[in-house]
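**Student:** Place chain B on chain A using the hints.
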Amino acid sequence: MSLLDASVTELAERVRSGAVSATEVARACLERIASQRDLNAYLAMNDALLDDARKIDERRARGDKLGPLAGVPIALKDAIATRHLQTTAGSKILEGYVPPYDATVVARLRAADALLPGKTNMDEFAMGSSNENSAYGPCKNPHDVTRTPGGSSGGSAVSVAARMTPAALGSDTGGSIRQPAALTGVVGVKPTYGRVSRYGLVAFASSLDQIGPIASDVRGAARVLDVIAGRDPRDATSITAAPAACEAACDRDVRGLRIGVPDEYFGEGIDAEVDASVRESISKLERAGCTIERVSLPHTRLAVATYYVIATAEASSNLARFDGVRYGKRVDAADLKSLYGKTRDAGFGREVKRRILLGTFVLSAGYYDAYYSKAQKVRTLIARDFTAAFERVDAIACPTSPTPAFALGEKSGDPLSMYMSDVCTLPASLAGLPAISVPSRAATSNLPIGFQLVGRSCDEVMLFALAAACERASRSPRAS
Amino acid sequence: MIDRKTVMRVAELAALSLEDAEIDALAKDLDAIVKHVDELSMVDTHGVEPMRSIATAGALRADVPAPSLSRDDALAGAEAFVVPAFVES
Chain A
15 MSLLDASVTE LAERVRSGAV SATEVARACL ERIASQRDLN AYLAMNDALL
65 DDARKIDERR ARGDKLGPLA GVPIALKDAI ATRHLQTTAG SKILEGYVPP
115 YDATVVARLR AADALLPGKT NMDEFAMGSS NENSAYGPCK NPHDVTRTPG
165 GSSGGSAVSV AARMTPAALG SDTGGSIRQP AALTGVVGVK PTYGRVSRYG
215 LVAFASSLDQ IGPIASDVRG AARVLDVIAG RDPRDATSIT AAPAACEAAC
265 DRDVRGLRIG VPDEYFGEGI DAEVDASVRE SISKLERAGC TIERVSLPHT
315 RLAVATYYVI ATAEASSNLA RFDGVRYGKR VDAADLKSLY GKTRDAGFGR
365 EVKRRILLGT FVLSAGYYDA YYSKAQKVRT LIARDFTAAF ERVDAIACPT
415 SPTPAFALGE KSGDPLSMYM SDVCTLPASL AGLPAISVPS RAATSNLPIG
465 FQLVGRSCDE VMLFALAAAC ERASRSPRAS
Chain B
6 MIDRKTVMRV AELAALSLED AEIDALAKDL DAIVKHVDEL SMVDTHGVEP
56 MRSIATAGAL RADVPAPSLS RDDALAGAEA FVVPAFVES
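If you're matching them up, the sequences are chains A and B in order. Here the working numbering is used: the first residue of the first sequence is 15, the next is one more, and so on. Here the working numbering is used: the first residue of the second sequence is 6, the next is one more, and so on.
Here chain A stands alone, though its shape is the one from the complex (with noise of 0.2 Å):
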């Protein structure tokens, strides 16, 4: 059994008795990523890796005690600026540019003694479902390799599949976290909106993005939020609420608590392995005593249309910075504005522009009031439905995707039918709300399929509770 089998929690325990150096940890992190090298899942290695883990063994070796991460390898979305480290966002505009400052949650990572190994692959500026959107090639899904991982945390999620690390951070805007976690067969989590701070996450959509952890286990999704959670006086909308205990969630008794099963979420559309299995994780949540309740959200199949003219007209204007000026890339030309145009011609992707053309039409003199200030109320409308059903139920389970993971090409030549999946996962983003894709059964061919329970804002505990009775009903052998 290789060290990398073990979860986060167990890791750390064994780094912090002194069972097992972080040096040990950080060669065979290296080498299992260095054997895994086919399926694209890193953009770049930290060349400091083998310094860190030295000087944390050092520190324990002083009598120190290390962090609630000690020595755990923990992979980085390309989304998340590192010191010295060339972060890119998945972009060609960005090849080259090297941080002068670590994110907060990097700075968060490192406090708690963590392993930072490397910057994962992902969807240019993380626009896309499949992280065939990435500039520096797809990344596979290492259950099928003629498949996609999702995305756009894609490379964070095959890290954690494919026990390169016991888990990796992702930023999540419509889906970003939750779906590639589902299709490749691990947990991940979007916090709530504000729960952790965003300093140093590269831009897309600021009423949407939050960063949150994937990871093998749902007490190591747990104890990597509880580390980099938190007011930081760097982001403004960071939430000054209480830091939730997730960790300490996970052996929550569940008996008693209410879950609601939105109708608008099963049937057309989702795939029906899909839903036989999310339903029989529902049932074992009725076992452990939960009790199961019909709700309705009667806005959800609005999410695509709202999101896709919120997320596109912010992203209008976070781009609107990569202008061959400041960062990265430069097509030189004769004047300042052929500068702007040409570099930015080069340097996006189809992806990128298609979303900067429509944020910028929805934006635009005579659209504003059609588009997006329409899309604002409905907004308010799908938020308005969670509200609602939160009054009789503490949490809503349903698919996190309505498909397992589909083949590389399958939708790249049609970005609607990509868009509409993420139809699962955009109505808690647009509502801010946290929510959790835990492993269900998988289907036939043995693709992993994911449930996805969301709860109320700042609620993350709920979802711990939940998350973690799943997880240990799927393992211990069935009730009869």
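It is possible that some hints are incorrect.
As the list claims (entries may be wrong) - Pulled a few chain B residues facing chain A out of the computed Cβ check, cut under 7 Å:
(1) 15
(2) 18
(3) 19
(4) 22
(5) 23
(6) 35
(7) 38
(8) 42
(9) 45
(10) 47
(11) 65
(12) 69
(13) 73
(14) 74
(15) 89
(16) 91
Said to hold, decoys possible - Keeping only pairs whose Cα atoms sit at most 20 Å apart, straight-line, the calculated SDA-like set for lysine to any residue is:
(17) B:33 x B:73
(18) B:10 x A:381
(19) B:10 x A:368
(20) A:343 x A:111
(21) A:343 x B:10
These are computed hints drawn from the structure, not numbers from a lab. No residue lacks a Cβ here, since even glycine has one placed at the ideal position from N, Cα and C.
**Tutor:** Structure of chain B alone, referenced to chain A:
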């Protein structure tokens, strides 16, 4: 209807110098997306407030000087800040 002319106008606003060959394909893609998005126009939103932010924070940090990037770090990538002249002499 998103046509070639609309794409060119929006690309100008977005500072994107598209290659001529890209324009028709982008117009076709965007037209399909906008047709889907048009379903929003059927929703009754009379009296509904637009959700402008879901941030519950709003607390700004105190405006006091604190340690920041060193001068060397801040200027490490700065040799590229030279741009073509854009003010007419």
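**Student:** Taking the hints in turn, state whether each one holds.
**Tutor:** We went through each hint and held it up to the structure:
1. Hint on residue 15 of chain B holds. Least Cβ distance to chain A is approximately 5 Å, under the 7 Å limit.
2. The closest approach between the C-beta of residue 18 of chain B and any C-beta of chain A is roughly 5 Å, which is under the 7 Å cut-off, so the hint is satisfied.
3. Given the 7 Å rule on beta carbons, the hint for residue 19 of chain B holds: about 4 Å separates it from the nearest Cβ of chain A.
4. A distance limit of 7 Å between C-beta atoms decides the matter here; for residue 22 of chain B the minimum to chain A is near 3 Å, and the interface restraint holds.
5. Contact between residue 23 of chain B and chain A, as hinted, is supported at the beta carbon level, the nearest pair being about 6 Å apart and thus within 7 Å.
6. With a least beta-carbon distance of about 6 Å to chain A, the hint placing residue 35 of chain B at the interface is held under the 7 Å criterion.
7. For residue 38 of chain B, the shortest C-beta to C-beta distance to chain A is roughly 6 Å, which falls under 7 Å, so the interface hint holds.
8. With its C-beta approaching chain A no nearer than about 5 Å, residue 42 of chain B sits inside the 7 Å limit, and its interface hint holds.
9. A least Cβ separation of about 5 Å between residue 45 of chain B and chain A falls short of the 7 Å threshold, and the interface hint therefore holds.
10. For residue 47 of chain B, the suggested interface contact is broken, since its CB lies about 9 Å from the closest CB of chain A, more than 7 Å.
11. For residue 65 of chain B, the interface hint holds, the least distance from its beta-carbon to any beta-carbon of chain A being 6 Å, beneath 7 Å.
12. For the restraint placing residue 69 of chain B at the interface with chain A, the shortest Cβ-Cβ distance is roughly 10 Å, beyond the 7 Å limit, so the hint is violated.
13. With a least beta-carbon distance of about 9 Å to chain A, the hint placing residue 73 of chain B at the interface is violated under the 7 Å criterion.
14. For residue 74 of chain B, the shortest C-beta to C-beta distance to chain A is roughly 6 Å, which falls under 7 Å, so the interface hint holds.
15. The criterion of a C-beta within 7 Å of any C-beta in chain A is met by residue 89 of chain B, whose closest approach is roughly 5 Å, and the hint holds.
16. Interface restraint check for residue 91 of chain B: the shortest CB-CB distance to chain A comes to about 4 Å, inside 7 Å, so the restraint holds.
17. Distance hint between residue 33 of chain B and residue 73 of chain B is unfulfilled; the C-alpha atoms sit about 47 Å from each other, more than 20 Å.
18. With a C-alpha separation of about 16 Å, the suggested pair residue 10 of chain B and residue 381 of chain A falls inside the 20 Å cut-off, and the hint holds.
19. Of the supplied pair hints, the one linking residue 10 of chain B and residue 368 of chain A holds, its CA atoms being roughly 15 Å apart against a limit of 20 Å.
20. Proposed proximity of residue 343 of chain A and residue 111 of chain A is supported: the alpha carbons are some 9 Å apart, at most 20 Å.
21. Simply put, residue 343 of chain A and residue 10 of chain B have alpha-carbon atoms about 29 Å apart, too far for the 20 Å limit, and the pair is violated.
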